[in-house]
Every structure is written in C-alpha cells, then in structure tokens.
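Modelling step: build the complete structure from the supplied sequences, incorporating the hints.
For the record, the sequence lines run as chains E and C.
Quick note: my numbering has the first sequence finishing at residue 217, numbered continuously throughout.
Quick note: my numbering has the second sequence finishing at residue 292, numbered continuously throughout.
Read the hints as simulated data drawn from the structure, not as lab findings.
Quick reminder that beta carbons are idealized off the backbone N, C-alpha and C, glycines included.
Incorrect hints may have been included.
What the hints assert, rightly or not - Coverage of chain E stretches by chain C, computed from C-beta distances (three or more under 8 Å per stretch; other residues unrestricted):
#, segment
1, 23 to 34
2, 46 to 55
3, 76 to 86
4, 156 to 167
5, 170 to 180
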Amino acid sequence: MAEMETPGVLPARESELRKAFLEQVDIVPGGERLRRCIQCGTCTGSCPVSYAMDLSPREVIARFRAGDLEGILRSRTIWVCASCYSCTARCPQEIKVTDLLYALKRVAMEKRIRPRRFPVYALSQAFVRSVKLFGRNFEAGLIVEFFLRANPLGMLKMAPLGWKMMRRGRMGFFPERIRGRRDLAKIIKRAEEIERPQEAVPRRKATTEVGYEAIQP
Amino acid sequence: MDYTYYPGCSLTRTASPYDLSTRAVFRALGLGLHELEDWNCCGATMYMSVQETVSFAISARNLALAEPLERDVVAPCSACYLVLLKTNRFLREIPELAAKVNDALSAAGLNYAGNVRVRHPLDVLCNDVGIKAIAQRATRSLAGLKIAEYYGCQIVRPERAFDDVEVPMTMDTLFAALDAENVYFPMKTRCCGGMLMTTVGDVAKKLCRDLLECAKANGADCLVTTCPLCQMNLAAYQDALTRQYGVDLHLPILWFTQLLGLALGLDVKTLGLDRHLEPITDKVLSLAGAVR
Chain E
1 MAEMETPGVL PARESELRKA FLEQVDIVPG GERLRRCIQC GTCTGSCPVS
51 YAMDLSPREV IARFRAGDLE GILRSRTIWV CASCYSCTAR CPQEIKVTDL
101 LYALKRVAME KRIRPRRFPV YALSQAFVRS VKLFGRNFEA GLIVEFFLRA
151 NPLGMLKMAP LGWKMMRRGR MGFFPERIRG RRDLAKIIKR AEEIERPQEA
201 VPRRKATTEV GYEAIQP
Chain C
1 MDYTYYPGCS LTRTASPYDL STRAVFRALG LGLHELEDWN CCGATMYMSV
51 QETVSFAISA RNLALAEPLE RDVVAPCSAC YLVLLKTNRF LREIPELAAK
101 VNDALSAAGL NYAGNVRVRH PLDVLCNDVG IKAIAQRATR SLAGLKIAEY
151 YGCQIVRPER AFDDVEVPMT MDTLFAALDA ENVYFPMKTR CCGGMLMTTV
201 GDVAKKLCRD LLECAKANGA DCLVTTCPLC QMNLAAYQDA LTRQYGVDLH
251 LPILWFTQLL GLALGLDVKT LGLDRHLEPI TDKVLSLAGA VR
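As structure tokens, this is what we get:
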C-alpha cells in the first residue's frame, strides 16, 4: 500500500504510475468510463478465473480510486486475466474492464513492475519478437523460447506433446516468413515513434473525466 | 460468392485441420476462398497487451492489403477475428487513431480507408449461404450424434457481431438442421483458459476440466468448437486431465467445419480428422460411411 504523507496528496511514485496509467486509459476507446464504476462486482462474479486472482477485478478499480496503483501492478490479477471479455460484456456501466487490465499490463511492463516468477511477461516478449522477426507467430519457436526464459525444466514435460504434434503434421521446425517483413518492420518502427513521442502526450480527457486527478505534492 | 481468406498463424501449423476443413467446406459449397497475399500476424491479444498503437498498425496492414480486393475477409481463428474486427471498428470510429495508423502504414506505401468487412466463417456459412441451403447440400445425416456446441469467448465477445453474447445459437441451429442432437451445454461461452495453458497451467486445466466434464455429463459424443486455441486446450491435455482429476475426460473435439464437412460428404483425410491429438471415436468416424 502506498504511504500517504498528507491526506489527499499522493506520493511521487504513485503520481508517476497514475500518469502512465491515465495515458494508457486515453488510448483505450471508451476507457474513461472507468469513472462510472458502481462497485457492483458483476465483473468479479462473471470472471472464470477470479478465484485465482489476489485482487478481484472489482477490487482493482477500488484500489485505483484509493490511490494504490502500485499494489495493482504488483498483483497477479492483471496477468491471470485470460481475455475472455465476460466482465466487459456484462458490466452494467459498460466499463471496458478487459481493456483496462491490458492498459495496466502495459504500464507494468513499461515500469518493469511484475510479480516474482510470473511468466506471462516472458511469453509476451517472445511473441513480440517472433512477429517482429518473421511477420508471423512461429508457435513452435515461441513455446521453446518461452520455456527457456521462464521454466527450462517445464520443456521436458512438454516434449511428448511436441512429438505427437510433429508426427501429425501440426508443428513446423522453421518459421514462416512473410515477404513484406521489411515493410512490416518500417510500419512497426513508425508506429512506435507515434506511440511514444519525445514529449509526453497531453492527457486529453482521462485525468479530468475519470475524476481522480493526481495531486502533485 | 468470393471471399478473401485470412488463415492466421495457428491455422498454418498447430490448427492445420481447421485450415483444411475450412477450405474443403467452402469448396464443397461452391464458394471462392482466396488467401490474402503475404498476410502478417493479426497482432493477437498478446500483442494488443504490449503496445496498443503498434498492434493496431500491424493488424491494419492486413486490412490495407485486403481493401483493394473488395471482398469480405474471412478469419476462422477467434483471436484473429476479434483483433481484425476490433481494429476495423476503432479505425472507423476514431479518426485520430486512423490518422496515426495510416501514418505508420504509409512507411510501407499502404493506406486503409476502412472499407473491409471482417467475417467469421460460421457467420458467412450460416448467413450468406444459409442453413437451409447447406442442409439441402448435405449428403450425410448426423442423426444419432449428440453434440455440445462450444463457442468460446472471442467470436461473441465483446463485439456482438453476429450472435448473442451469452446464448449464441448459430451452430446449434446449423447442426440441428443436419439432424444432430444438441445436448444441454450451459457452458457454451465459458472461457477455456486461452494462453493461460502455457503460463498459469493449473488455472486453465481447471477451466478445461469443467468444460469437458459438463459436455460429457450431458451425454455429448463430441464437442464442436470454432477456435484453434479452444480446440488445442480441450484436446491436447485429455490424458493428463483424466489422471489429475480421476474422471474420464476423453472426448473428440472437432472444429465445426470438420463436422459440417462430414455432413457434406467429405472424407476423414480431407477434413484433417486423422491429425487429431485426442482419440476420435468410432461413433464420429462412422459418420464418414453413413449415407443419407
């Protein structure tokens, strides 16, 4: 829990995280609906994996309001989400809960905050690299890279399945490369420049519309 | 009718039977399915979760390549379908995002004006061709086969494109018209765990156990799905799940195009039914011999 020195004033670290998160909320279409949350818990009740989370989806929003983004980012919750969109489909306030969890994940990655020995991050990284290199997701390579990074022993357990898939023509040894991968690299490079401009993006709406402005000490 | 085909990465390898059966069913129904030249990864939910603008641009390259062809894009993988659908809608609705993405695309001399329609093959087959017309073309009856139709998450959520979010019925109606019996399967849109099978295996295994147990308890002979990842999760770990939970959790997991293909008279090999990781029972395989 972030420590609060003066009532109503957020510590510097919390303000920094909050700023990063609100920038992410800005690029989620409809993200500002976060402010409408009535804490009904439909998200948590609809979530098939909330039992395995340390903070339920409803609690994530409550903690955000209470000024504890760091606590959220350190939780398993954002990494346990399986992207099934049940919460989003059922939220009576039309809050894009799944997309907000993605926004939190992006902040966690940007700020390098993650739970110890939690492997989802490693898989994301391996996936991104595969797409950048080949233009397609080389599934066999992705799994091998993931296990090497996250759990080398786990690979042994996967070996029989890999062998079975190979025999049935469902596993390739070599990645499929697209012809236009240099074009794709150019597109990604340009998009990255657009996404992270030199100066911080002016926050169009989130700080005011979400209604929980970070007060600088 | 002609369509642009976007197979997606999984269908090129791990879900090759889905690719084979999709192509075969379209051919059997006289539909043209033309693979998009040099398509790239859709971005999938994983990429979406890392850098949003970049993932929209990656996804949009495919839409930009497809636009001049003036055909609907057919994407069988649930994740590809959702990502392409979402990108398409956001680019149409948010001019600032479209401007940024087109700026990125221009680095490769491309541009996307927002005129492509992204479709799932289930939608195309049942709504363009029509269930009645399909039933008329069927040469085999599925009578006696009990099916659990499993839609999973991403073809119904969150975009609500062609069926109900909570109780989709497209597949149920299709297979009922082909004489199959639909079992009670209230978990038809419950999550299979998706990528969690690789990262937080215990959580995903429990979800898969619940799905298999529910289908089996209600008497299903097979479960039918629309997604490469759902099929993999439900099919590949049946031995381990059976050992772990002490209940028999073996069940044939078919892609809907495979079962439809059987009804249309196609054979086991053409539909990739010989490439499954889980045992395909005689009850399913014998369909390949039962002439209507």
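| field | Hints violated by the structure (numbers, ascending) | value | Failing hints: none at all.
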